[in-house]
Amino acid sequence: MTNKTVLHAKHLASGAKMVDFYGWEMPINYGSQIEEHNVVRQNAGMFDVSHMTIVDIQGIDAKDFLRYLVINDVAKLTVAGKALYTGMLNEEGGVIDDLIIYFFSDTNYRLVVNSATREKDLAWMNKQASGFDLTIIERPEFGMIAVQGPQAKAKVAELLTPEQIVAVEGMKPFFGVQVGDLFIATTGYTGEDGYEIIVPDNTAEDFWQKLLDVGVAPCGLGARDTLRLEAGMNLYGLDMDETVSPLAANMAWTISWEPTARNFIGRDVLTTQKAAGTQPKLVGLVLTEKGVLRSHQVVITEFGQGEITSGSFSPTLGHSVALARVPRSVKVGDIVEVEMRKKLVKVTVTKPSFVRNGKKVF
Amino acid sequence: MSNIPTELKYATSHEWVSVAKDGIVTVGITEHAQDLLGDMVFVELPDVDDSISTGDDVAVAESVKAASDIYAPVSGTVVEINEALEDAPELVNSDAFGEGWLFKVKLDDASELENLLDADGYASSIED
Numbered sequence: 001m002t003n004k005t006v007l008h009a010k011h012l013a014s015g016a017k018m019v020d021f022y023g024w025e026m027p028i029n030y031g032s033q034i035e036e037h038n039v040v041r042q043n044a045g046m047f048d049v050s051h052m053t054i055v056d057i058q059g060i061d062a063k064d065f066l067r068y069l070v071i072n073d074v075a076k077l078t079v080a081g082k083a084l085y086t087g088m089l090n091e092e093g094g095v096i097d098d099l100i101i102y103f104f105s106d107t108n109y110r111l112v113v114n115s116a117t118r119e120k121d122l123a124w125m126n127k128q129a130s131g132f133d134l135t136i137i138e139r140p141e142f143g144m145i146a147v148q149g150p151q152a153k154a155k156v157a158e159l160l161t162p163e164q165i166v167a168v169e170g171m172k173p174f175f176g177v178q179v180g181d182l183f184i185a186t187t188g189y190t191g192e193d194g195y196e197i198i199v200p201d202n203t204a205e206d207f208w209q210k211l212l213d214v215g216v217a218p219c220g221l222g223a224r225d226t227l228r229l230e231a232g233m234n235l236y237g238l239d240m241d242e243t244v245s246p247l248a249a250n251m252a253w254t255i256s257w258e259p260t261a262r263n264f265i266g267r268d269v270l271t272t273q274k275a276a277g278t279q280p281k282l283v284g285l286v287l288t289e290k291g292v293l294r295s296h297q298v299v300i301t302e303f304g305q306g307e308i309t310s311g312s313f314s315p316t317l318g319h320s321v322a323l324a325r326v327p328r329s330v331k332v333g334d335i336v337e338v339e340m341r342k343k344l345v346k347v348t349v350t351k352p353s354f355v356r357n358g359k360k361v362f
Numbered sequence: 001m002s003n004i005p006t007e008l009k010y011a012t013s014h015e016w017v018s019v020a021k022d023g024i025v026t027v028g029i030t031e032h033a034q035d036l037l038g039d040m041v042f043v044e045l046p047d048v049d050d051s052i053s054t055g056d057d058v059a060v061a062e063s064v065k066a067a068s069d070i071y072a073p074v075s076g077t078v079v080e081i082n083e084a085l086e087d088a089p090e091l092v093n094s095d096a097f098g099e100g101w102l103f104k105v106k107l108d109d110a111s112e113l114e115n116l117l118d119a120d121g122y123a124s125s126i127e128d
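Chains A and B, in that order, are what the protein sequence lines are.
Mapping the first sequence onto the working numbering, position 307 (from 1) lands on 307, and the numbers just tick up by one.
Mapping the second sequence onto the working numbering, position 46 (from 1) lands on 46, and the numbers just tick up by one.
One chain only, chain A, in its complex shape (with noise of 0.2 angstroms):
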């Protein structure tokens, strides 16, 4: 059974290829996936995303549900509408799925997970929650579309309704803001400005549509998979699974150790793992001569074997960068080589980020 995003339609009217993602039809690309790259990081860009799942948490225990369900520590957001990055991990410390949380009250979150994991990240959360007085809705109601770019909040708010307008000027990043019937977010997946938007199935398609009269352009999971790598951002199965632990994907950041009194789901797992010391690391690898790094291509360093989680060509630096898993004695700036197609290439460590705002940041 294919699922179809209440945008289904408007794609293909825009000449969209079709794929399917883990069960979506969802666009690849409308003709040059390098063009819709070039037009998030120069113009404005829009992506739908309604395919993934918003779930909100509400009752008297959600705040102390999420504060044992997730490793970052909701206890931080005291803002109605701010937001916070973070992962939830199985009993072993591995990651089953990474997601977003936006606070409205204690008693009252929204989260956004992965469509890929839908299920098992609803059955996960179900069965924690035993015990805490809440309730756990998911909104499949909803589409959602991210508008990114430089030029995408201006674009989107001559479609706004002045009292819109009004709440999210001068937004800070990882904010979000229900007015009307849109519920608007400084959130994002490729490291530029730009809005998340989360909108009522039945006036998805209108919205679309008005987006691409003031010049939105559509894009497609191509483009979204480019983007998000050079910008240093993790993709959940590829960077990350439950197989791997937060501090060997770049989700160190994301962990909240104090107080030390909170008990969260993996921190056993992962107090004696960063004791220890001996996790692997997430890192960036930048290849400058012609060729493009792969998933799954073996890093090979002078303290051992590593692997490329991403990989793909950068079309903002013109040359591929990749994401890779490898010894955490590896250091920035070393030289590393990757098997490529039989043969051993040279590339250079750096910090997994790799464009931000249309810049290099390496």
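Any given hint might turn out to be false.
Partner residues are not named here, just some residues of chain A that face chain B (Cβ under 7 angstroms, in silico) [said to hold, decoys possible]:
1) Thr-288
2) His-296
3) Val-298
Below 20 angstroms or equal to it, Euclidean Cα-Cα: the simulated DMTMM-like pairs (lysine to aspartate or glutamate) are [said to hold, decoys possible]:
4) A/Lys-346 x B/Glu-44
5) A/Lys-17 x B/Glu-127
6) B/Lys-21 x B/Asp-69
7) B/Lys-65 x A/Asp-225
8) A/Lys-290 x B/Asp-87
9) A/Lys-4 x A/Asp-206
10) B/Lys-65 x A/Glu-307
11) A/Lys-342 x B/Asp-57
12) B/Lys-21 x B/Glu-114
13) A/Lys-17 x A/Asp-225
14) A/Lys-342 x B/Asp-69
15) A/Lys-290 x B/Glu-86
16) A/Lys-17 x B/Asp-35
Partner residues aside, some chain B positions facing chain A, computed with beta carbon under 10 angstroms [claimed, not checked]:
17) Ser-13
18) Val-41
19) Val-64
20) Lys-65
21) Ala-66
22) Ala-88
23) Asn-93
24) Asp-95
None of these hints come from the bench; they were simulated from the model.
In this text, a Cβ means the ideal position worked out from N, Cα and C, and glycines have one as well.
We have chain A; now place chain B onto it with these hints.
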């Protein structure tokens, strides 16, 4: 349905071969192949004067999606390569049967062309 010019010959591995002129043919990849591969980012070509045999992997088309081997559809000697692809690999996407050509081969044996598919044969080979 992709565009498949009737004046060309084809290999099932998605290369096209032009009509021989003075014993020399032009080789490229088909419109269908470029569509499957997506935006091209690098094209690695053989060297001029390389001697190639039918079925050898002689070039690589690397797209945003994957690296794909290109096989020699005929045997002979490479006499020219499309140097424009060095700076503009996207020509393979925009004009697979024209400006996106890959290399030219002086045939060892012109009768080898008879082993290749015609447009109809290639069209049926790419049907699902």
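Inset, instruction - Run the structure past the numbered hints and jot down the numbers of the failing ones, going up. - result: 1, 2, 3, 6, 17, 22 and 24
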